[in-house]
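Enquirer: Chain by chain, the residues run as shown.
2 protein chains.
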Amino acid sequence: MESTALLTDQYELTMVQAALRSGAAHRRCTFEVFSRKLPAGRRYGVVAGTGRMLEGLEQFRFGQAELDYLDSQKIVDDDTLQFLANYRFSGEITGYAEGEVYLPHSPVLQVTASFAEACLLETFVLSVMNHDSAVAAAGSRMTMAADGRPCVEMGSRRTQEYAATAAARTAAVVGFAATSNLEAGRRWGIPTLGTAAHAFTLLHDSEEEAFAAQVEAFGPGTTLLVDTYEVEPAVRKAVEIAGPELGAVRLDSGDLVEQAHEVRKLLDSLGNNNTKIIVSSDLDEHAIARLAAAPVDSYGVGTRLVIGSGSPTASMVYKLVERAEAGAEPVSVEKASAGKASTGGKKQALRSLDDHGRAEAEVISARGPLADAGYVGRQLQVPLVVDGEVQPGFTGAEGVQQATQRHRDSLAELPSDAHRLSDGDPVIPTIFR
Amino acid sequence: MESTALLTDQYELTMVQAALRSGAAHRRCTFEVFSRKLPAGRRYGVVAGTGRMLEGLEQFRFGQAELDYLDSQKIVDDDTLQFLANYRFSGEITGYAEGEVYLPHSPVLQVTASFAEACLLETFVLSVMNHDSAVAAAGSRMTMAADGRPCVEMGSRRTQEYAATAAARTAAVVGFAATSNLEAGRRWGIPTLGTAAHAFTLLHDSEEEAFAAQVEAFGPGTTLLVDTYEVEPAVRKAVEIAGPELGAVRLDSGDLVEQAHEVRKLLDSLGNNNTKIIVSSDLDEHAIARLAAAPVDSYGVGTRLVIGSGSPTASMVYKLVERAEAGAEPVSVEKASAGKASTGGKKQALRSLDDHGRAEAEVISARGPLADAGYVGRQLQVPLVVDGEVQPGFTGAEGVQQATQRHRDSLAELPSDAHRLSDGDPVIPTIFR
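Residue numbers (UniProt numbering), protein chains in the order written: chain A, 1 to 433; chain B, 1 to 433.
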């Protein structure tokens with residue numbers, strides 16, 4: 001099992017060294033993960049990456065190879081190396097479960113442990129959550145715009161190879177039906193899809209030969225790519241070769257709305273009423289919405305999903321909000337940096353709901369249980385790690401399935417403004433009390 | 001060694017199956033990697049990721065675990081599994097070496113092998129090159145704007161955890177002096193840096209205690225972060241505690257230009273003329289340029305670098321341009337898809353230079369050696385893989401060092417317009433002949 005412990009900024013380790021020296025390393029601390037704002041123009045955010053983060057937490061160990069590197073570069077001293085050699089997160093992580101909607105300042109994660117234990121996780125936790133949540137926020141709008149038509153994630157080639165795998169997983173959380181990425185299929189049991197690219201047509205002496213080869217290998221139910229040369233003759237050849245059972249044709253270029261109508265008419269005229277039309281080619285939520293009235297059966301989404309459709313990273317931060325000496329009351333702490341001030345104290349969060357179960361506000365407080373203050377709604381924070389043990393249901397294939405269901409439920413609770421694709425304010429306000 | 005073989009789109013494998021069945025899998029093919037355009041508004045592109053791609057190529061093997069997954073999901077048939085089990089790239093890869101500048105349509109890579117061998121690499125090659133080249137294009141403008149002042153990469157928390165490591169490596173290629181990312185330090189020998197975050201100050205009972213703890217652990221030459229509360233008193237405390245040897249102070253919020261002037265004046269008035277000023281906080285190439293006249297000693301660059309400063313992915317594609325039956329002449333192939341047409345034939349590329357060695361044009365031809373046609377300049381393509389063997393000098397720490405030098409040289413050759421940060425056309429034209 002590969003260690004994730006060096007997927008981190010050096011200063012997490014040097015802070016541990018200095019705090020071990022000053023004696024403050026053992027103070028019990030709570031760090032909170034939150035974002036001051038949503039991705040530009042978005043109505044809601046989506047918590048994603050939680051399952052991957054918890055999987056990585058179990059591999060966050062400094063083995064001999066990691067320690068040797070740190071020692072060889074004199075990055076930390078011997079006492080710190082000794083601490084790292086024994087490191088195993090033994091604290092608590094509480095937070096919004098994966099798939100849950102979040103708003104500005106939602107306390108999406110709280111990590112409580114000794115300073116040294118919790119500090120070490122900062123970079124890794126933020127890398128996972130910021131990437132996956134950015135992809136999720138974009139992807140959720142895409143499946144919403146697709147309004148029930150299946151979306152397939154196919155953006156691997158447009159992002160770093162492991163980010164691709166994470167993006168494919170995140171796509172599943174926000175309702176994509178399948179991915180082209182095999183590693184995501186293997187790791188999290190996500191359905192995978194894929195048939196052929198233009199190169200397969202170009203490889204053969206003619207488009208007919210290529211289609212015949214593909215049908216021979218995968219049967220008539222396969223998807224034939226019909227825009228390598230001219231679309232209309234290609235559709236005719238496809239039907240001629242695969243017959244009435246032809247599964248689907250894919251269009252990957254040009255004006256998709258116009259072509260979808262023409263191809264549908266042509267397929268129907270040839271008797272292929274059950275042959276589906278799949279479109280791809282730089283689709284984003286807006287392009288999908290424009291295709292709503294076109295006879296399209298599913299969407300292949302690539303680049304725009306994996307780069308967060310204009311917002312490739314969420315702006316979540318990991319801030320110390322509370323510290324306590326052993327046996328003493330916690331002290332609330334906050335920084336005053338211009339434009340980056342934080343609010344001290346461990347927060348509780350509740351999504352207040354009206355009589356119809358519709359979300360009204362995100363209520364956040366560092367002053368004790370919100371239910372006691374008369375707020376009615378849904379408690380958003382659940383235990384993810386207890387005494388260092390990752391709780392069941394959040395990782396692996398099960399974690400993805402649960403997150404997918406949770407996202408659907410969380411979205412269904414939002415006011416209908418959540419469906420608007422135009423830039424706007426958060427769909428419900430954040431209230432501090 | 002972890003396999004990279006499933007970091008791929010499913011259709012690469014299904015195409016192999018269908019081509020094995022049709023007999024075309026063994027045709028000798030050349031795929032070319034190129035981009036139709038540069039990232040929006042950029043004057044030049046930067047080839048990056050080549051070293052990582054070659055490292056991953058050596059791990060691109062289907063082991064039992066990968067084969068079991070493919071078999072369990074019935075993704076390909078037994079003949080194809082057999083082919084994959086024996087897969088080892090045995091062909092040729094030629095291309096622009098890492099760090100080299102590229103222009104629209106530059107043939108940055110050519111992969112020549114049987115269709116089956118070359119097709120399988122498409123997704124992996126593009127994932128690596130598209131991500132790293134996007135980061136490189138952004139980062140190159142940042143080091144250019146910094147004009148000799150060191151830049152330090154610290155964006156890990158804003159991108160997927162392995163993309164972070166790749167971004168840190170790419171930053172080194174385009175001239176960043178160091179990174180905060182430890183895994184990049186370990187893998188490629190890149191210098192790492194880091195001292196403390198705001199949390200370290202908040203952890204202690206006072207800013208004085210935190211500064212004292214840090215100086216105690218790392219000596220007075222350390223960098224103290226002075227904007228957790230108020231900057232001016234913090235700088236005074238820092239000097240009082242660390243003395244005249246204080247290495248640097250870091251500013252991470254607010255108006256950096258104004259603060260840099262004030263802090264410099266204050267440090268000098270306290271006799272700390274040698275204490276440096278490091279600034280961070282959402283810097284990009286434009287912010288760095290605005291700080292050119294401010295008394296800043298180095299730049300910490302995070303988010304904007306790792307997300308490609310507005311262009312998080314390059315738009316490189318992997319297109320079949322030539323195929324040949326055994327013993328026969330190669331046939332040039334190209335697709336006609338609307339807006340995505342390709343040009344057939346294996347291309348040669350030359351950067352034509354004037355009498356002063358200044359780049360004038362990118363000359364590309366599928367019709368034979370350009371030197372024979374009277375073009376004077378620099379041949380851009382070098383052998384990266386010969387008979388399946390990765391050539392020396394492109395991978396590991398050496399690969400990064402060579403790429404860094406190559407990028408500097410390649411940039412020095414460009415006309416001065418390359419230095420303009422405003423949106424514009426490519427700095428030299430691409431000429432086809």
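Worth flagging that the hints you see were computed from the coordinates, not collected in a lab. Among the hints, erroneous ones may be present.
[As the list claims (entries may be wrong)] Derived DEER-like restraints, expressed as beta-carbon distance ranges:
| # | chain 1 | residue 1 | chain 2 | residue 2 | range |
| --- | --- | --- | --- | --- | --- |
| 1 | A | Asp79 | B | Arg408 | 37 to 47 Å |
| 2 | A | Gln401 | B | Lys37 | 39 to 49 Å |
| 3 | B | Gln391 | A | Tyr229 | 30 to 40 Å |
| 4 | A | Gly388 | B | Gly254 | 37 to 47 Å |
| 5 | B | Gly310 | A | Glu360 | 34 to 44 Å |
| 6 | A | Ala294 | B | His356 | 40 to 50 Å |
| 7 | A | Asp387 | B | Ser72 | 16 to 26 Å |
| 8 | B | Leu67 | A | Gly63 | 22 to 32 Å |
| 9 | B | His356 | A | Glu208 | 24 to 34 Å |
[Stated by the list, open to error] Derived pair list, reagent style DSS-like, types lysine-lysine, alpha-carbon separation capped at 30 Å:
| # | chain 1 | residue 1 | chain 2 | residue 2 |
| --- | --- | --- | --- | --- |
| 10 | A | Lys237 | B | Lys276 |
| 11 | B | Lys276 | A | Lys340 |
| 12 | A | Lys237 | A | Lys276 |
[Stated by the list, open to error] Over the 12 Å line for every Cβ pair with chain A, so calculated as not near, a few chain B residues:
| # | residue |
| --- | --- |
| 13 | His131 |
| 14 | Gly271 |
| 15 | Pro383 |
Please read all numbers here as calculations on a predicted model, not as lab measurements. Virtual Cβ for every residue (Gly too), placed ideally from N, Cα, C.
Enquirer: Each hint needs a verdict: does it hold in this structure or not?
Expert: Here's how the hints hold up against the structure:
1. Separation of Asp79(A) from Arg408(B) is about 41 Å and conforms to the stated range, judged on CB atoms against 37 to 47 Å.
2. For the pair Gln401(A) and Lys37(B), the supplied restraint of 39 to 49 Å holds, since their beta-carbon distance comes to about 40 Å.
3. At about 37 Å, the CB distance of Gln391(B) to Tyr229(A) agrees with the hint of 30 to 40 Å.
4. Restraint check, Gly388(A) to Gly254(B): a C-beta distance of roughly 39 Å satisfies the suggested window 37 to 47 Å.
5. At about 36 Å, the beta-carbon gap between Gly310(B) and Glu360(A) stays in the expected band of 34 to 44 Å.
6. Distance hint check: the CB atoms of Ala294(A) and His356(B) are about 56 Å apart, inconsistent with the given range 40 to 50 Å.
7. A beta carbon spacing of about 36 Å between Asp387(A) and Ser72(B) contradicts the range 16 to 26 Å that was offered as a hint.
8. A beta carbon spacing of about 28 Å between Leu67(B) and Gly63(A) agrees with the range 22 to 32 Å that was offered as a hint.
9. Between His356(B) and Glu208(A) the Cβ separation comes to about 55 Å, which falls outside the hinted range of 24 to 34 Å.
10. For the hint linking Lys237(A) to Lys276(B), the alpha-carbon distance of about 70 Å lies beyond 30 Å, and the restraint is violated.
11. A threshold of 30 Å between alpha carbons decides the hint, and for Lys276(B) with Lys340(A) the separation of about 23 Å falls inside it, so the pair holds.
12. Among the hinted pairs, Lys237(A) with Lys276(A) is consistent with the structure: their alpha-carbon atoms are about 16 Å apart, no more than 30 Å.
13. Residue placement check: His131(B) does not keep its beta carbon more than 12 Å from all beta carbons of chain A (closest about 4 Å).
14. Once the 12 Å rule is applied to beta carbons, Gly271(B) is consistent with being away from chain A; the minimum gap is 25 Å.
15. Listed as outside the interface, Pro383(B) is consistent with that label: its C-beta sits roughly 23 Å from the nearest C-beta of chain A, beyond the 12 Å cut-off.
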